[in-house]
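Engineer: So you can see what is in the structure, the chains are spelled out below.
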Amino acid sequence: QLQLQESGSGLVKPSQTLSLTCAVSGGSMSSGGFSWSWIRQPPGKGLEWIGYIYHSGGTDYNPSLKSRVTISEDTSKNQFSLKLRSVTAADTAVYYCARGDDSSGDDYWGQGILVTVSS
Amino acid sequence: DIQMTQSPSSLSASVGDRVTITCRASQSISRYLSWYQQKSGKAPKLLIYAVSNLQSGVPSRFSGSGSGTDFTLTISSLQPEDFATYYCQQSYSSPRTFGQGTKVEIK
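Quick mapping for you: the protein sequence lines, in order, are chains A and B.
Everything in the first sequence is counted per the working numbering, starting at 39 for the first residue and increasing by one.
Everything in the second sequence is counted per the working numbering, starting at 78 for the first residue and increasing by one.
Take these hints with a grain of salt, some might be off.
Said to hold, decoys possible - Below, a list of computed lysine to any residue pairs in the SDA-like style, where the Cα atoms sit at most 20 Å apart:
1) B:Lys122 / A:Ala127
2) B:Lys119 / A:Thr113
3) A:Lys83 / A:Thr130
4) A:Lys83 / B:Lys180
5) B:Lys122 / A:Gly95
6) A:Lys51 / B:Lys116
7) B:Lys116 / A:Gln149
8) A:Lys83 / B:Ser140
9) A:Lys115 / B:Lys180
10) B:Lys180 / B:Ser140
Worth flagging that the hints you see were computed from the coordinates, not collected in a lab.
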């Protein structure tokens with residue numbers, strides 16, 4: 039059974055960089071041709087897709103965040119990461135990682151990690 | 078960006094009721110439409126993908142239909158564990174976008 043687990047700092051100061059990692063277990067990121075996504079949800083609000091990294095290593099980002107986001111992978115550790123620069127309070131959210139593809143939806147999700155931006 | 082609009086934003090229903098949630102895309106998205114269920118404090122769970130395909134393990138009381146721009150999620154007989162918020166998502170074009178959610182509450 040595939041499992042995803044987010045980790046990283048739960049508190050980030052304004053203007054600094056949010057850094058999260060998603061560890062994948064029970065399967066290899068390199069197999070199956072999936073995309074590996076980051077999605078966030080501000081408290082009490084809806085879901086926002088941040089971006090993903092493809093099985094081939096390519097990336098795609100939400101234009102609303104593109105100038106501040108980098109998603110990368112470390113296949114040797116079977117994990118992928120999110121960096122969001124120059125954060126503000128508006129970036130406070132639960133951040134989820136997920137596996138999926140365009141035709142089958144996101145079928146595996148991490149439990150989510152709350153990141154608060156505050157001084 | 079493709080805008081996804083769900084209706085209603087919330088609804089109250091009783092156990093055993095038939096519930097229908099609609100999702101409209103601002104342009105055609107072919108069959109690149111998924112539905113998710115999210116319970117309070119939990120990650121979203123994939124229910125249906127490609128408009129009408131039931132994800133493994135999801136009860137058959139859930140069904141999806143539609144094409145082009147208009148889509149529907151139906152719960153044929155609402156159960157206590159179905160009270161949650163439901164989201165549609167398009168994966169036809171980047172950026173992937175979600176509907177604003179429909180909260181299903183107990184009447």
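Engineer: Of all the hints given earlier, name the ones this structure violates by number, lowest first.
Structural biologist: Per hint list: 1, 2, 5, 6, 8, 9 violated.
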